[in-house]
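**Q** Residue numbers (the numbering used here), protein chains in the order written: chain A, 7 to 433; chain B, 7 to 433.
Check before you lean on any hint, since a few could be wrong.
Which copy? The list can't say, so a pair holds if one copy fits it or any two copies do.
Cross-link-like lysine to any residue pairs, in silico, SDA-like; alpha carbons within 20 Å at most [stated by the list, open to error]:
1) K55 - T65
2) K55 - R125
3) K55 - E175
4) K378 - T65
5) K378 - G78
6) K378 - M13
7) K393 - V290
8) K334 - G383
9) K334 - M317
10) K393 - P182
11) K334 - T183
12) K55 - D172
13) K393 - G363
14) K55 - F72
15) K319 - A64
16) K319 - S63
17) K135 - M13
18) K366 - G14
19) K378 - F72
20) K33 - R88
21) K33 - P308
22) K319 - P236
23) K35 - V229
None of these hints come from the bench; they were simulated from the model.
Here's the letter readout for the chains.
Number of protein chains: 2
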Amino acid sequence: MAGYSGMGMEELSQEVARLEDEAAQLKAKGLSLDMTRGKPCPDQIDISKPMFDLFDSATDLHDGGFDAGNYGCPQGLPSARRFFADMLHVPQELVYVGGSSSLNIMFDIVSHCYVKGLRGATPWRELPKVRFLCPAPGYDRHFGVSAHFGIENVPVPMTEEGPDMDVVEELVEGDPTVKGLWCVPKYQNPMGITFSDECVRRFASLRPAAPDFRVFWDNAYYVHDFNDTPDGLLDIFDAMRDAGTDDLVLEFASTSKITFPGSGMACMVANEADLADLMASFAVQHVCTDKLSQLMHARYLPTPEALEAHMAKQAEFIRPRFELVESKLSEGLAGMDGVRWTHPNGGYFVSFDGPEGTAKAIVGMAAELGVKMTAAGATWPYGIDPKDSNIRIAPTFPSIEGLSQALDVFVTCVRLVCARQELQRRA
Amino acid sequence: MAGYSGMGMEELSQEVARLEDEAAQLKAKGLSLDMTRGKPCPDQIDISKPMFDLFDSATDLHDGGFDAGNYGCPQGLPSARRFFADMLHVPQELVYVGGSSSLNIMFDIVSHCYVKGLRGATPWRELPKVRFLCPAPGYDRHFGVSAHFGIENVPVPMTEEGPDMDVVEELVEGDPTVKGLWCVPKYQNPMGITFSDECVRRFASLRPAAPDFRVFWDNAYYVHDFNDTPDGLLDIFDAMRDAGTDDLVLEFASTSKITFPGSGMACMVANEADLADLMASFAVQHVCTDKLSQLMHARYLPTPEALEAHMAKQAEFIRPRFELVESKLSEGLAGMDGVRWTHPNGGYFVSFDGPEGTAKAIVGMAAELGVKMTAAGATWPYGIDPKDSNIRIAPTFPSIEGLSQALDVFVTCVRLVCARQELQRRA
């Protein structure tokens with residue numbers, strides 16, 4: 007199928023009529039499908055349930071000298087810290103494990119910087135302006151945290167190699183009101199791309215104007231490859247050591263997409279001084295975090311090999327869904343003007359771009375036809391996509407059959423919106 | 007044994023010498039005992055381990071239509087909300103269950119009021135002064151939360167019936183900078199007393215000067231009776247209904263002293279409007295909280311009867327320790343001038359008062375003799391006990407034998423410090 011710009015008027019009108027008919031037929035099916043969030047499908051959840059077989063009333067709850075069943079050990083159980091240290095290739099001493107949500111750790115860090123100030127810096131609440139850089143398209147919940155604290159979210163263009171580092175360097179090194187940058191370095195949400203070695207090295211070499219500037223390096227999908235050509239990501243803490251920088255980056259990960267979403271364990275990696283300063287505030291919030299969950303996870307995935315084998319099982323659920331996205335979009339949209347999408351080797355998202363001014367219309371129409379997608383604009387700060395072109399596709403939750411139907415709906419919506427746009431352009 | 011004020015000089019000097027000798031002998035034992043926190047003893051933890059027997063890889067993780075193993079259900083699983091609704095005698099719709107720490111929920115609420123403002127009120131960060139009332143002696147971690155946000159902690163006298171309500175009413179109803187009050191209404195930390203019906207009714211009838219004033223009603227020990235003469239506490243939400251008040255109180259509880267300290271589930275009870283406003287901020291922090299822990303707890307303690315039977319098992323560990331405190335203090339300190347302690351029927355603490363100006367010296371001396379106690383002053387805002395008289399005794403963690411030794415040390419320290427004080431008074 008060629009683009010609509012080359013079509014004659016009559017052919018184009020017929021195409022619109024045909025697509026409207028197709029849309030009406032799809033609507034009549036009364037579908038109710040959900041592609042809004044990066045949520046594993048129900049069968050995929052079940053693969054982690056053998057974790058429960060390891061525990062009964064006779065199980066010893068001690069871990070490295072700590073009783074996981076009692077108060078204490080606020081930095082997280084030794085075996086849980088070891089799990090993330092192995093996974094992220096960082097020293098165990100720099101790992102904090104706490105709670106079930108890495109987003110919540112990020113929130114608590116921003117709160118600390120806002121209320122108390124990081125390591126003696128002026129609390130952000132006292133500053134006339136604080137800005138965070140938001141490579142976009144990006145993760146809406148990241149942007150939501152900084153927005154909550156009245157921080158100005160500044161969009162930075164994303165490329166296939168990572169954020170536009172010329173822009174990042176200029177802003178981070180030149181503007182002391184820039185205090186943070188949100189990013190997902192591997193299988194980025196929503197593009198699915200991985201930051202290039204060059205990009206990681208430029209991050210590690212930043213010389214921020216603000217001493218309390220930090221990169222929020224959310225490595226949410228670091229072990230989430232799903233095919234035989236996985237991306238490689240340079241380790242940021244290694245790159246910082248090479249660059250002679252130290253307290254520039256806070257790294258995050260969780261087991262939400264490894265075991266049970268929302269009920270796993272979450273971690274932060276930071277240099278010693280940052281860790282000590284943040285732990286002092288965390289100690290005001292709680293006595294300690296849930297160590298039984300940590301113990302269950304650490305015993306279920308006790309080695310890097312066990313984790314690798316487990317992630318291979320996860321991939322069996324995810325790969326066919328991403329293959330279906332690729333084949334459905336290729337079949338239905340190849341060659342269309344101004345339409346493109348990404349082709350990830352891991353993670354949970356495909357980023358789709360339609361022609362300027364079509365994203366809201368496509369998502370709105372899909373909703374009318376029974377397919378919920380992430381709101382158009384959600385991938386941009388304040389929900390404002392300046393081109394109204396980006397749509398995040400989250401294909402993991404529906405069944406294969408449901409996903410197939412949802413993608414048929416999506417393709418029809420894209421084509422109909424684009425055809426109508428072309429018609430309107432000529433009017 | 008009579009008080010030291012009636013002793014002649016020689017007798018008193020001999021007593022000091024005898025006690026110094028006793029202290030030296032105790033020190034020589036090289037004890038290392040911990041009475042700092044309200045922590046269950048290791049054997050007591052084990053009684054909750056049968057919880058793990060209920061789960062294996064075949065277990066269905068659904069609860070009231072929700073998949074506990076996946077994202078979603080941010081207000082907490084239905085069965086977990088039902089657990090706390092039954093326990094606290096409140097409607098399930100008003101219960102939020104989230105995380106493993108009720109203290110962290112309180113922190114997040116204060117943060118919300120500080121950053122965003124409660125239900126449209128001016129954020130506290132914008133106000134020149136915000137004050138919290140702190141009935142003292144009270145719970146140090148409560149005071150730490152408000153202090154973290156730069157809130158002025160104002161001590162209010164505690165009585166055997168609860169906080170001095172004349173003072174509370176005057177401040178809450180007369181001073182719009184008073185935005186909160188911390189309290190533990192049953193088996194109060196550290197006094198172990200329970201608020202009288204009259205006190206609860208006066209709380210429920212407060213007409214605050216500030217519309218965003220809330221009582222933080224931390225019902226941490228509501229089901230934690232340990233003997234046959236348990237205290238009764240009037241239900242605050244019932245009392246508010248009778249008084250025609252509504253959004254005055256936020257109630258809290260957790261299973262930290264029911265199952266696994268720090269690894270249980272925590273709840274908040276609030277009226278609908280407060281709940282909706284707070285949940286909006288919580289949604290910025292995380293997608294949802296750990297529902298697997300909720301599911302395990304709700305299935306392990308599925309009925310009020312199961313909870314009651316479980317708490318009876320807990321009591322078996324706690325009662326003998328409190329009895330030992332009572333007998334050791336009675337034997338060692340009865341009749342001493344200016345010395346008194348509380349006689350709780352539940353909870354985790356005994357509150358001890360020595361003569362003015364002795365608490366720090368007693369706690370310091372006990373530490374030298376190998377017995378760690380909660381820092382003197384910790385039960386007061388900013389750690390400043392104006393009379394330097396109050397000491398919190400937390401007898402649950404040590405073994406019976408260890409506790410017995412620790413109490414011998416404590417009694418010797420009290421007597422020696424008091425005898426020396428009397429000697430100094432005469433000098």
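**Q** Which of the listed hints are broken here?
**A** 2, 3, 4, 6, 7, 8, 9, 10, 11, 12, 17, 18, 20, 21, 23
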